[in-house]
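Asks: Below are the chains, spelled out letter by letter.
Number of protein chains: 2
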Amino acid sequence: MIPGLLLVISGPSGVGKGTICARLKTMDPTIHLSISMTTRPPREGEEEGREYFFVSEARFQELLKQGELLEWARVYDFYYGTPKKPVMEMRAAGRDVILEIDVQGGLQVKANCPDSILVFVLPPSFDELASRLQSRGTEGAEAIATRLRWAREELRSFRRYDYAVVNDTLEEAVRKVNAIRVAEKCRPSFHGLAWLDSLEE
Amino acid sequence: MIPGLLLVISGPSGVGKGTICARLKTMDPTIHLSISMTTRPPREGEEEGREYFFVSEARFQELLKQGELLEWARVYDFYYGTPKKPVMEMRAAGRDVILEIDVQGGLQVKANCPDSILVFVLPPSFDELASRLQSRGTEGAEAIATRLRWAREELRSFRRYDYAVVNDTLEEAVRKVNAIRVAEKCRPSFHGLAWLDSLEE
Numbered sequence: 001m002i003p004g005l006l007l008v009i010s011g012p013s014g015v016g017k018g019t020i021c022a023r024l025k026t027m028d029p030t031i032h033l034s035i036s037m038t039t040r041p042p043r044e045g046e047e048e049g050r051e052y053f054f055v056s057e058a059r060f061q062e063l064l065k066q067g068e069l070l071e072w073a074r075v076y077d078f079y080y081g082t083p084k085k086p087v088m089e090m091r092a093a094g095r096d097v098i099l100e101i102d103v104q105g106g107l108q109v110k111a112n113c114p115d116s117i118l119v120f121v122l123p124p125s126f127d128e129l130a131s132r133l134q135s136r137g138t139e140g141a142e143a144i145a146t147r148l149r150w151a152r153e154e155l156r157s158f159r160r161y162d163y164a165v166v167n168d169t170l171e172e173a174v175r176k177v178n179a180i181r182v183a184e185k186c187r188p189s190f191h192g193l194a195w196l197d198s199l200e201e
Numbered sequence: 001m002i003p004g005l006l007l008v009i010s011g012p013s014g015v016g017k018g019t020i021c022a023r024l025k026t027m028d029p030t031i032h033l034s035i036s037m038t039t040r041p042p043r044e045g046e047e048e049g050r051e052y053f054f055v056s057e058a059r060f061q062e063l064l065k066q067g068e069l070l071e072w073a074r075v076y077d078f079y080y081g082t083p084k085k086p087v088m089e090m091r092a093a094g095r096d097v098i099l100e101i102d103v104q105g106g107l108q109v110k111a112n113c114p115d116s117i118l119v120f121v122l123p124p125s126f127d128e129l130a131s132r133l134q135s136r137g138t139e140g141a142e143a144i145a146t147r148l149r150w151a152r153e154e155l156r157s158f159r160r161y162d163y164a165v166v167n168d169t170l171e172e173a174v175r176k177v178n179a180i181r182v183a184e185k186c187r188p189s190f191h192g193l194a195w196l197d198s199l200e201e
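Protein sequence lines, in the order shown, are assigned to chains A and B.
Here the first sequence is numbered in this note's numbering, starting from 1 and rising by one per residue.
Here the second sequence is numbered in this note's numbering, starting from 1 and rising by one per residue.
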C-alpha cells in the first residue's frame with residue numbers, strides 16, 4: 001500500500017483556503033480533511049467533529065505529554081492542536097490528508113513529519129485580501145484590522161513553505177494545489193516497484 | 001520576468017520519452033525542446049537542428065573547454081552534449097526548457113544547475129519495455145538485447161531523480177509530467193511579489 005500524502009494548507013484569513021480544500025475533496029473524495037482539536041467550548045451552531053473536536057484541557061494535556069499532537073498552540077486561554085493518530089492511520093490506508101492550519105502549526109508539522117508538504121495560499125495583493133475580508137460583512141472594522149495585522153505577519157513566512165499558490169481565480173488555485181499533490185506522489189519514494197527490485201539481483 | 005524551468009526527462013530506450021515531450025510541447029507551444037550537439041556525422045534522413053546540431057570535434061572541444069556544455073559524454077568515437085547558452089537564453093525569456101537525455105547527462109545537469117528538475121520515465125514493467133522495443137520492429141534481436149542491458153543499468157538510478165512517472169497510459173504520464181511542471185512553478189522562489197516586499201518595510 002502506497003501511503004497517502006500529508007498536505008498542509010496555510011495562508012491569511014480570507015484568502016480562500018477553506019474553499020480550495022473543499023474543492024479538492026470534491027475532486028477526490030478519498031482525501032481526508034483533518035479536524036483540529038480544541039479546549040475552547042463550542043460556539044452556537046458548531047458541531048463536534050465538524051468545526052473542531054471539543055476536548056477538556058486535561059485530555060489535551062495528556063495527548064500533548066504523550067507526543068500525540070502533530071502541532072499545537074495556545075491562543076488566549078484555550079489550546080488548539082492536531083491529533084497525530086487519525087492522520088497517520090489515514091495515510092497508512094493510502095488516503096491523502098489535508099491540514100488547514102496556520103503557519104506556526106505548519107512549520108511544527110514539517111518538523112515532526114519531514115515528508116509533509118507545505119502549501120501557502122497567497123492573495124493576489126494585500127488590498128485584494130482586505131477587500132475580501134470587508135466584503136464578507138461578518139466582522140467590524142476592528143476585527144478586520146486585527147486579521148490584516150496577522151495576515152501581514154503570516155505572509156512574511158511564505159518562503160519557508162514548499163510551495164505558494166496565488167488564489168487569483170479559484171479554478172486556477174485548485175488546479176495548482178492539485179498539481180502539487182499529483183507531482184509529490186511521483187517522488188521516487190512513492191514507487192514500490194517489485195519488478196525493479198528483482199532486476200537488482 | 002519569471003524564469004522558465006529546466007526539466008530533464010530520462011528513461012530507458014523505448015519507454016516513450018519522446019512522445020511525452022512532443023505532447024507537452026503541443027499542450028504548451030512556448031516549451032523549448034532542447035536539441036543536443038554531436039560530432040557524429042548525420043545519418044541518412046537526419047537534419048541539422050532537428051535530430052542534432054552536427055559540429056566538428058574542434059568546435060565541440062572548444063565549447064567543452066569554455067564550460068559551455070551543460071552535460072556531455074563520449075560514446076565510442078563521438079561526442080554528444082547540450083550547449084548551455086540557448087538553454088539559459090530560453091529560460092531567461094520565461095520559457096520552460098526540456099532536455100531529453102540519459103541518466104548520466106541528467107545527473108551532470110543537476111550538478112551544474114541545481115534548480116533543474118529531473119524526471120525519470122519508468123515502464124510499467126521490464127517485460128513491457130522489452131515487448132515495446134520488439135514491437136517497433138526496427139532492430140534485430142542483438143540490438144534489442146543491448147538496449148535492454150542499458151535499460152537495466154539506467155533503471156537502477158531512478159531514485160536519484162527528483163520524480164519518477166510510470167508510462168502506463170500516455171495520457172496519464174503526460175498529465176503527471178505536466179503536474180510536475182505546474183507544481184515546480186509554484187516554488188516560493190518563482191513568486192516575485194512586489195506588493196509583498198513593500199509590506200516588509
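Don't take every hint at face value.
[As the list claims (entries may be wrong)] Simulated coverage check for chain A against chain B, where a stretch passes if three residues somewhere in it have a Cβ under 8 Å from a Cβ of chain B:
no., segment
1, 62 to 76
2, 92 to 106
3, 129 to 143
[Unchecked claim] Calculated pairs, EDC-like style, for lysine to aspartate or glutamate (alpha carbon to alpha carbon, straight line, at most 20 Å):
no., chain 1, residue 1, chain 2, residue 2
4, B, LYS185, B, ASP168
5, A, LYS185, B, GLU51
6, B, LYS85, B, GLU46
7, B, LYS185, A, GLU68
8, B, LYS185, B, ASP127
9, A, LYS65, A, ASP77
10, B, LYS185, B, GLU68
11, B, LYS84, B, GLU128
12, B, LYS110, B, GLU139
13, B, LYS185, A, GLU171
14, A, LYS84, A, GLU128
15, A, LYS110, A, ASP168
16, B, LYS185, A, GLU172
17, A, LYS185, B, GLU171
18, A, LYS185, B, GLU68
19, B, LYS25, B, GLU128
20, A, LYS84, A, GLU57
21, A, LYS85, A, GLU44
22, A, LYS110, A, GLU171
23, A, LYS185, B, ASP162
24, A, LYS110, A, ASP77
25, B, LYS185, B, ASP162
26, A, LYS25, A, GLU57
27, B, LYS185, A, GLU62
The hints are simulated quantities; they were obtained by calculation from the structure and are not laboratory data.
From the three backbone atoms N, C-alpha and C, an ideal C-beta is built for every residue, glycine too.
Asks: Each hint needs a verdict: does it hold in this structure or not?
Replies: We went through each hint and held it up to the structure:
no.: 1; hint: 62 to 76; in the structure: violated (count 0)
no.: 2; hint: 92 to 106; in the structure: violated (count 0)
no.: 3; hint: 129 to 143; in the structure: violated (count 0)
no.: 4; hint: LYS185/B x ASP168/B; in the structure: 25 Å, violated
no.: 5; hint: LYS185/A x GLU51/B; in the structure: 33 Å, violated
no.: 6; hint: LYS85/B x GLU46/B; in the structure: 23 Å, violated
no.: 7; hint: LYS185/B x GLU68/A; in the structure: 35 Å, violated
no.: 8; hint: LYS185/B x ASP127/B; in the structure: 35 Å, violated
no.: 9; hint: LYS65/A x ASP77/A; in the structure: 18 Å, holds
no.: 10; hint: LYS185/B x GLU68/B; in the structure: 26 Å, violated
no.: 11; hint: LYS84/B x GLU128/B; in the structure: 35 Å, violated
no.: 12; hint: LYS110/B x GLU139/B; in the structure: 32 Å, violated
no.: 13; hint: LYS185/B x GLU171/A; in the structure: 17 Å, holds
no.: 14; hint: LYS84/A x GLU128/A; in the structure: 35 Å, violated
no.: 15; hint: LYS110/A x ASP168/A; in the structure: 26 Å, violated
no.: 16; hint: LYS185/B x GLU172/A; in the structure: 13 Å, holds
no.: 17; hint: LYS185/A x GLU171/B; in the structure: 17 Å, holds
no.: 18; hint: LYS185/A x GLU68/B; in the structure: 35 Å, violated
no.: 19; hint: LYS25/B x GLU128/B; in the structure: 26 Å, violated
no.: 20; hint: LYS84/A x GLU57/A; in the structure: 17 Å, holds
no.: 21; hint: LYS85/A x GLU44/A; in the structure: 28 Å, violated
no.: 22; hint: LYS110/A x GLU171/A; in the structure: 27 Å, violated
no.: 23; hint: LYS185/A x ASP162/B; in the structure: 11 Å, holds
no.: 24; hint: LYS110/A x ASP77/A; in the structure: 26 Å, violated
no.: 25; hint: LYS185/B x ASP162/B; in the structure: 15 Å, holds
no.: 26; hint: LYS25/A x GLU57/A; in the structure: 31 Å, violated
no.: 27; hint: LYS185/B x GLU62/A; in the structure: 42 Å, violated
Hint compliance for this structure: hints 1, 2, 3, 4, 5, 6, 7, 8, 10, 11, 12, 14, 15, 18, 19, 21, 22, 24, 26 and 27 are not met, and every other hint is.
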